[in-house]
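*Asks:* Chain residues, written in single-letter form:
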Amino acid sequence: MEIFGLEPTLFWTSLFVITTFGLYISIAIWARAASTDDFYVAGHDVPPVFNGMATAADWMSAASFLSMAGIIAFSGYDGSVYLMGWTGGYVLLALLLAPYLRKFGKFTVPDFVGDRYYSQAARIVAVICALFISFTYIAGQMRGVGIAFSNFLHVPIEAGVIIGAVIVLFYAALGGMKGITYTQVAQYCVLIFAFMVPAIFLSLQITGTPIPQLGFIGNAQDGTPLLLNLDRTLTDLGFTAYTQGVKDRIDVFAITLALMVGTAGLPHVIIRFFTVPKASDARKSAGWALVFIAILYTTAPAVAVFARANFIDTVNESVWSDEAAAGTVDRGSLGEGDTPEWFYNWRDVGLLDAEDRNGDGRIQYRADPDTNEVTRLDRDIFVLANPEIGGLPSWVIGLVVAGGLAAALSTAAGLLMVISSAVSHDLCRKVLFKGMSDTQELLTARIAAIAAVLVAIYAGINPPGFVAAVVAFAFGLAAASFFPAILLGIFWTRMNKQGAIAGMTTGLVVTAAYIVHFKIGFSSIVLGACALLAAVSLLVLHFGTREKGRLPLMLILSVIAGMAGISGLAGYLPDLAMGTAGQWFLGISPEGFGTVGMLIAFAVSVSVALVTPAPPPEIRDMVEDIRIPSTRAHVGHDAAAAE
Amino acid sequence: MAESGEDHDIPENRFKAYWRENLTLMAVLLAIWALVSFGAGILFRDVLDQFSIGGAPLGFWFAQQGAIYVFVILIFVYSALMHRIERKYDIDDDQG
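If you read the protein sequences in the order shown, they are chains A and B. Take the first sequence: its letters are residues 296 to 938, numbered as in the numbering used here. Take the second sequence: its letters are residues 54 to 149, numbered as in the numbering used here.
Misleading hints may appear alongside valid ones.
The following label-pair restraints were derived from C-beta to C-beta distances [what the hints assert, rightly or not]:
#, chain 1, residue 1, chain 2, residue 2, range
1, A, L905, B, R140, 32 to 40 Å
2, A, P688, B, G107, 26 to 34 Å
3, A, G686, B, G107, 24 to 32 Å
4, B, I106, A, G816, 55 to 63 Å
5, B, V81, A, R927, 46 to 54 Å
6, A, D643, B, M79, 53 to 61 Å
7, A, A746, B, D62, 41 to 49 Å
8, A, P505, B, D60, 50 to 58 Å
9, A, V541, B, G107, 20 to 28 Å
10, A, I324, B, I106, 43 to 51 Å
11, B, M79, A, L871, 39 to 47 Å
12, B, M79, A, E650, 52 to 60 Å
13, B, A87, A, G630, 38 to 46 Å
14, A, D340, B, R140, 22 to 30 Å
Keep in mind that the hints were calculated from the coordinates and are not lab data. Backbone N, C-alpha and C fix where the C-beta goes; we use that ideal spot for every residue, glycine too.
Starting from the given sequences, assemble the full structure and let the hints guide the process.
*Replies:* Structure (C-alpha cells):
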C-alpha cells in the first residue's frame, strides 16, 4: 500500500534526492584530499564566506531542520531557549575561541588541549570527550536519515540508514575535510532553499507578506495581529498563551546558557575554524556562519506560529470520518470543514491520531486531557507536514525531504571527521604509535572513518537509550569539559595541566551523572556500561602515560572498573531509581545542567591550578603567540630589554 | 607599517596594551550579548512585553528574533574593530 497515495510526491522526492546525492558525490570526487593537511583542515585555504556556509550546514542538523519549528510551535515562548542558545554560541566562538585556535594552527581540539597543557593525559581526556560527544550526536543524525527515507521513499528504515551512511562515508573518507567542506556548501544551499520555499508560501497565505520574519510580527488576513490571535485562541482552548512559557525562569536561563556555551565547545564546530587561512578570517567566518544560520533560525519561529495556527484552524472542530481513517472512502473527496487528508495520512504512519470520544462527529483539540480528542501528536512531523497542511504543490514536499537529508548528512560528515581525526591523529599518532608517517596516518584516518560509520549505522538502526538525550549530553558535556579548558588555556597563562585535567574530568563526570540519573536512570546495566567506558578510558590513559618503574595505578583501576562493568551488565549491581523533575537541582533540567557543570569545572580548574606549580615558561610564550594574529610578530621579553 | 611583512619582536608593554584594548572591547560586546538575550529575552521580558513591535510583545520578540540579529551585528563589529586595533599595534595578519 502506498503510504501517501500520492504518486507525484514520490516522484518529486526521488528526483530531488537522487539529484542532490549525485551532486554531493561529484563534489567529493572533484575535491579529493591528497595530504594530511587537506584531510584534516582542507589545506587551511577555505575562504571565510564558504567556510561560514559549510559551518552553517555542519551546525544545522536534522533536528534543527525537521524538529525545531515543530517543537517551538507547541512550546511557544519556551522554544526560545533553542533559538537564542543555538545562535548565541557563535558570539562566544568569534570573540573568545575561534581566532586563537586558528592561530594555534593545528588539526584538532585534543591537539590544542594536549599541547597547551603539555600533557598526554589531558590529550587523552580530550579525545575521550570528543569521541563520546560525537558518537551521541551522529547516532541521532543517522536515525533522522532513516526516518526521512522510510516515510517518503517507501524504503525500510534500515536501508535508509545504510544508504545515507554510505554516501557520507564516500565523501568523508575520500575527500576528508576538503571534500566535506565543499559538499557542505552545496548542502547548505539545498537545505536553506528547501526550508524557505514553504515558509514563504505559508507566510503569503497567512499574513500576505512573503517575508516570514515580517509575517511573524504582522497581521493575519483578517487584519488582527497574528500572535495575539493565536494567544487568544490557545487560552480559549485551555492552553498557555503562545507568548508565555511554562518553564521556570531559572531553567530557561540555564538551558540557554548551556546551549550557547556547548555550541562554542563542540569539536565539530570548532574544527571548521581551523580550515580558514588566517586568524582574522576565523572571526569573519564565524560572522558569516551566523548570518547563514540566522536565516533559518529567524524563519523557524515564524514557521512555528504558522504551523500552530494552521493546525488549530484546520483540525479543531473538523468533521471526523471513520471511513476516511480506515481508507474505505477516497480521501481526495474530503472537503472544507472535514478533518484534512494529511491528518489521516500521518495517522496511517502512527504520528497523529484522534478519537471522537464525545460522539459529536467532530474533533476537539483542547488542553484538558478529558475533553481533548487529538490523542496523538508527534511534534517532529510539522516541517515535513507543513507543505501538505498549507496545500502546497507536491514538488515542495520532495524539496523539503531533500533538505532534511542535506541537513542530516552534512552534520554527520562533520562529526565523522572529528571521530576519525581523534582516533588517527590524536590517539594513534600522538599517543599510541608515535613513529607513524603521514601516509600511515591518512590510511588510519580513513579506516577510522569506516569503523565509525559502521557504529553509526548500528546506532541508527537500533538507537540506544541515550540518543533521546542527545541535546542534553552533547551540549552539556561540551559546555562542562571543553569550553572551560580551552577558554582558560587562552585567557589565563597561569592555567596548568593539573587544573585542566581536574576541571575537564569533574565537569564531564558530574554533568554526565546528572543527565543519566534524570534521563535514563542508573539501572544495573547502565552502571555496568558506565564502568566499562571508564575501564577503556583508564586503559588508554595507562598506555598513553605509562613510565617504567612507576606503579601502574591506571591499569589497576581499569581492571577494577572492568570487573564492575561486567557484573553490572550481568545484573549484579543495584538498580537505582530514576530521578524525577521535582528533585532537579535548583529546578534546573538535565538540558540546562551543562551550565552548572561548566561553573563547577571552572571552579575546580582554577582552584587546582592555584595550588599546583605554574606551567613552564615555553607555555607562556605559546599563549602569547596565539594571542597575536600575525605569524611574523612575536612578544620580545628579555631579549628586547637587553638590546 | 613598513616592517609588518617581516618577522619582528614587539615590546612586552605594547603587547600588554594591545591585549587590554582587546579585553575591553570584548567585555563591552559580551555585555551587549548578555543584555539582549539573558536580559531582554529572559529576565526583563515581562517589562518589555508591555511594549510591542508590530504585533509581537517586545520581550518575546527579542527572545525569538531580536537577540539573533544583534548577535550577527556583534560579530561583524568585533571583527572590524579588532582589525583596527591590530593594525594600530602592527600585529595584524594582512600579510600572514
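*Asks:* Taking the hints in turn, state whether each one holds.
*Replies:* So, going through the hints one by one against the coordinates:
Checking the proposed 32 to 40 Å range against A:L905 and B:R140 shows it holds: the Cβ atoms sit about 37 Å from each other. Restraint check, A:P688 to B:G107: a C-beta distance of roughly 30 Å satisfies the suggested window 26 to 34 Å. Between A:G686 and B:G107 the beta carbons are some 26 Å apart, a value that agrees with the proposed interval 24 to 32 Å. At about 44 Å, the CB distance of B:I106 to A:G816 disagrees with the hint of 55 to 63 Å.
Against the hinted window of 46 to 54 Å, the Cβ-Cβ separation of B:V81 and A:R927 comes to about 29 Å, which falls outside the hint. At roughly 54 Å, the beta carbons of A:D643 and B:M79 sit within the given window of 53 to 61 Å. Checked against the given bound of 41 to 49 Å, the beta carbons of A:A746 and B:D62, roughly 47 Å apart, stay inside it. Roughly 55 Å separates the CB atoms of A:P505 and B:D60, a value that falls within the hinted 50 to 58 Å.
Judged by the Cβ atoms, the range 20 to 28 Å given for A:V541 and B:G107 holds: they are separated by roughly 25 Å. Evaluation of the 43 to 51 Å hint for A:I324 and B:I106 yields a pass: the beta carbon distance comes to about 49 Å. In this structure, B:M79 and A:L871 meet the distance hint of 39 to 47 Å, their C-beta atoms being roughly 44 Å apart. Look at B:M79 against A:E650: about 57 Å separates their beta carbons, and that is inside 52 to 60 Å.
As the Cβ distance of B:A87 to A:G630 is approximately 53 Å, the hint placing it in 38 to 46 Å is violated. The beta-carbon spacing between A:D340 and B:R140, approximately 23 Å, falls within the hinted interval of 22 to 30 Å.
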